[in-house]
Amino acid sequence: MRRLLKSGHSVVILTALLVAIIPFLVPSTFHLRIAALVFIFALAVVGLNLLMGFAGQVSLGHAGFFGIGAYAVAVGPAHFGIPSWAALLIGPLAAGGLAFLIGRPILKLRGHYLAVATLGMGLLIAMVFTNEARFTGGPDGMPVQRLELFGWRVRGSQSWYWLSGVTLVIASWIAVNIINSPTGRALRAIHDSEVASRVLGIDVARYKLIVFVISAVYAAVAGAYLALFDALVTPATAGFLRSIEFVTMAVLGGLGSILGSLVGAAVLVVLPQLLTVFHDYEHIALGLIMIVFMIFLPAGIVPSLARLIMRRLPSS
Amino acid sequence: MAEFLQFVFSGLTVGAIYALVAVGFTLIYNASDVINFAQGEFVMLGGMITVFAAAAGVPLPLAALLAVVVAVAVGLLLHRLAIEPARGASAVTLIIITIGASILLRGLAAVVFDKNFHSLPPFIGGGPWQIGGAALLPQSVVVLIGTGIIVVLLWLFMERTLIGKAMVAAAANRIAARLVGINISSVLALSFGLSAAIGAVGGILVTPITLTNYDVGTLLALKGFAAAMLGGMGNPLGAVVGGLIVGLLEAFGAGYISSQYKDAIAFLVILGVLFAMPQGLFGRAGVERV
Numbered sequence: 003m004r005r006l007l008k009s010g011h012s013v014v015i016l017t018a019l020l021v022a023i024i025p026f027l028v029p030s031t032f033h034l035r036i037a038a039l040v041f042i043f044a045l046a047v048v049g050l051n052l053l054m055g056f057a058g059q060v061s062l063g064h065a066g067f068f069g070i071g072a073y074a075v076a077v078g079p080a081h082f083g084i085p086s087w088a089a090l091l092i093g094p095l096a097a098g099g100l101a102f103l104i105g106r107p108i109l110k111l112r113g114h115y116l117a118v119a120t121l122g123m124g125l126l127i128a129m130v131f132t133n134e135a136r137f138t139g140g141p142d143g144m145p146v147q148r149l150e151l152f153g154w155r156v157r158g159s160q161s162w163y164w165l166s167g168v169t170l171v172i173a174s175w176i177a178v179n180i181i182n183s184p185t186g187r188a189l190r191a192i193h194d195s196e197v198a199s200r201v202l203g204i205d206v207a208r209y210k211l212i213v214f215v216i217s218a219v220y221a222a223v224a225g226a227y228l229a230l231f232d233a234l235v236t237p238a239t240a241g242f243l244r245s246i247e248f249v250t251m252a253v254l255g256g257l258g259s260i261l262g263s264l265v266g267a268a269v270l271v272v273l274p275q276l277l278t279v280f281h282d283y284e285h286i287a288l289g290l291i292m293i294v295f296m297i298f299l300p301a302g303i304v305p306s307l308a309r310l311i312m313r314r315l316p317s318s
Numbered sequence: 033m034a035e036f037l038q039f040v041f042s043g044l045t046v047g048a049i050y051a052l053v054a055v056g057f058t059l060i061y062n063a064s065d066v067i068n069f070a071q072g073e074f075v076m077l078g079g080m081i082t083v084f085a086a087a088a089g090v091p092l093p094l095a096a097l098l099a100v101v102v103a104v105a106v107g108l109l110l111h112r113l114a115i116e117p118a119r120g121a122s123a124v125t126l127i128i129i130t131i132g133a134s135i136l137l138r139g140l141a142a143v144v145f146d147k148n149f150h151s152l153p154p155f156i157g158g159g160p161w162q163i164g165g166a167a168l169l170p171q172s173v174v175v176l177i178g179t180g181i182i183v184v185l186l187w188l189f190m191e192r193t194l195i196g197k198a199m200v201a202a203a204a205n206r207i208a209a210r211l212v213g214i215n216i217s218s219v220l221a222l223s224f225g226l227s228a229a230i231g232a233v234g235g236i237l238v239t240p241i242t243l244t245n246y247d248v249g250t251l252l253a254l255k256g257f258a259a260a261m262l263g264g265m266g267n268p269l270g271a272v273v274g275g276l277i278v279g280l281l282e283a284f285g286a287g288y289i290s291s292q293y294k295d296a297i298a299f300l301v302i303l304g305v306l307f308a309m310p311q312g313l314f315g316r317a318g319v320e321r322v
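From first to last, the protein sequence lines are chains A and B. Residue 318 is where the first sequence ends in this note's numbering, and the numbering goes up by one at each step. Residue 322 is where the second sequence ends in this note's numbering, and the numbering goes up by one at each step.
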């Protein structure tokens with residue numbers, strides 16, 4: 003039991019089981035829609051968690067990459083006649099390319115300086131979406147054409163549930179493989195001490211760049227999915243609050259935990275839905291819950307609970 | 033020339049408020065390594081409470097005093113109820129707590145007050161003064177002088193009083209400060225109270241010019257954070273200079289280049305500075321221990 007819990011692949015299996023079981027447990031397509039949203043957000047958070055939880059690099063601008071993915075599937079088909087499926091590939095490629103270009107100078111910064119640089123990057127991207135109204139519809143956003151895959155018109159909560167669920171499982175599997183690879187070990191070494199890793203011969207700048215690009219691609223795929231699912235994009239997709247939301251999901255669920263990314267996304271997507279019954283008090287409740295969670299589970303929900311469970315399991 | 037002067041005036045006015053927010057960030061950061069994302073909410077509370085107290089018939093000076101007192105109480109409560117219980121948690125956990133607090137305070141303000149924009153009458157009457165062809169609002173002068181007074185008072189407090197010196201010592205080295213008998217927990221509480229007071233005063237001063245509503249804190253926190261980093265995190269003087277620079281960059285960017293991209297211009301310059309000087313303008317280069 004212990005060994006299964008410790009090996010990363012159990013997380014992938016668990017995620018796959020969840021994706022397979024949920025449709026039998028929830029009563030309506032409305033719930034499937036929420037579940038699909040959770041998967042889409044979790045996709046972005048898994049990427050961000052690779053960057054923050056494993057490499058220890060903060061980003062307050064990941065909604066920028068999320069926005070690039072989203073606007074690619076909106077602007078590409080509408081203005082350039084690119085089919086949706088191609089735009090779905092181009093967006094993440096563009097986000098990855100951008101991350102590759104700006105990654106080196108930005109990742110030289112540390113801690114809060116890195117935070118403010120990524121924050122600025124995210125704001126710049128969001129500003130372009132707001133101001134280039136000719137292409138993006140400006141502050142009001144623009145509609146997004148439905149995705150067509152091999153003649154299959156992807157629409158409705160059920161289709162998106164399966165598409166985002168399967169993508170999340172694949173993304174988690176890739177993430178776990180990265181973590182267990184030499185790259186993953188290098189990243190964890192960098193997290194512990196950059197100087198020590200450099201002394202050991204780890205090319206710190208290169209590994210940080212690799213994980214930054216990967217996390218940007220994850221975010222862009224998630225952004226594209228959300229835009230296609232909602233059939234609408236607005237600059238808020240790429241906004242500062244969205245970036246903060248991703249970071250909060252990652253920390254709330256647990257930094258360095260892939261399952262935590264899913265749990266963090268679930269909490270922050272589902273909670274506001276539940277809290278809408280409180281109308282005006284929604285934000286008060288949300289803020290309170292965040293504070294209480296972080297006080298009592300400071301390492302994040304999944305790692306804190308896992309530690310409790312581990313302590314009770316017989317050691318074998 | 034008149035145009036140039038005009039941009040200087042408006043840039044310095046906004047910049048002064050960014051500077052106050054940045055100083056608030058710096059105080060709390062120095063005491064605890066926490067970036068307090070609820071910092072902008074103190075500014076919002078200062079403005080909103082003054083507006084509503086004044087509307088209820090409280091004379092303006094008393095309303096302003098009340099706003100500062102309430103903001104300080106909120107700052108102390110934030111420390112006592114949310115930061116203190118999470119002692120020992122990582123910096124990023126504490127930051128998420130302050131984000132939660134910021135959402136909570138915004139939600140409270142929307143319920144207790146409302147979601148509309150509000151203004152205050154200027155503190156000095158009379159129309160704008162003409163200086164070199166540019167119009168200078170009397171209230172802008174109030175903002176600048178008020179900011180100046182706060183900065184000088186803060187400096188005197190840090191340099192001349194024992195409590196202030198304890199704060200400086202705790203910022204320099206927390207363990208050493210504890211060893212010489214400084215109560216770190218009190219220093220932390222004090223930094224939250226002080227930051228809240230500074231933010232609230234900023235909010236009161238600027239409300240006659242920029243208006244306020246329950247949601248103004250987010251953007252202010254963001255700009256103040258950028259200003260603090262530009263100046264070099266942990267350096268109060270750097271925070272003030274950083275705030276003024278960000279304000280001026282925005283005003284000139286909006287005036288000469290593009291009002292749509294004014295924030296972009298400010299952030300591009302900040303990025304450029306950070307690439308050249310990774311510790312900000314006045315920050316010390318850190319040494320990492322292995």
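Any given hint could turn out to be false.
What the hints assert, rightly or not - Sample of chain A residues at the chain B side, in silico, Cβ under 10 Å:
| # | residue |
| --- | --- |
| 1 | Met54 |
| 2 | Lys110 |
| 3 | Arg112 |
| 4 | Gly122 |
| 5 | Asn133 |
| 6 | Val156 |
| 7 | Val272 |
| 8 | Gln275 |
In case anyone wonders, no lab produced these hints; they're calculated from the structure. From the three backbone atoms N, C-alpha and C, an ideal C-beta is built for every residue, glycine too.
Taking the hints in turn, this is what the structure says about them:
At about 8 Å, the closest approach between the beta carbon of A:Met54 and any beta carbon in chain B falls short of 10 Å, and the interface hint on this residue holds. Hint status for A:Lys110 relative to chain B: holds, with the closest Cβ pair at about 6 Å, below 10 Å. This hint holds: A:Arg112 has a C-beta 7 Å from the nearest C-beta of chain B, less than the 10 Å allowed. Checking A:Gly122 against chain B by beta carbon gives a least distance of about 4 Å; that is within 10 Å, so the hint holds.
Hint on A:Asn133 holds. Least Cβ distance to chain B is approximately 4 Å, under the 10 Å limit. With a cut of 10 Å, the hint placing A:Val156 at the interface with chain B is violated, because the nearest CB-to-CB distance is about 34 Å. Given hint, A:Val272 at the interface with chain B, is violated; its Cβ is 16 Å from that chain's nearest Cβ, farther than 10 Å. Residue-level restraint check for A:Gln275 is violated (minimum Cβ-Cβ distance to chain B is 16 Å; threshold 10 Å).
Hints 6, 7 and 8 from the list above are not met by this structure, while the remaining hints are.
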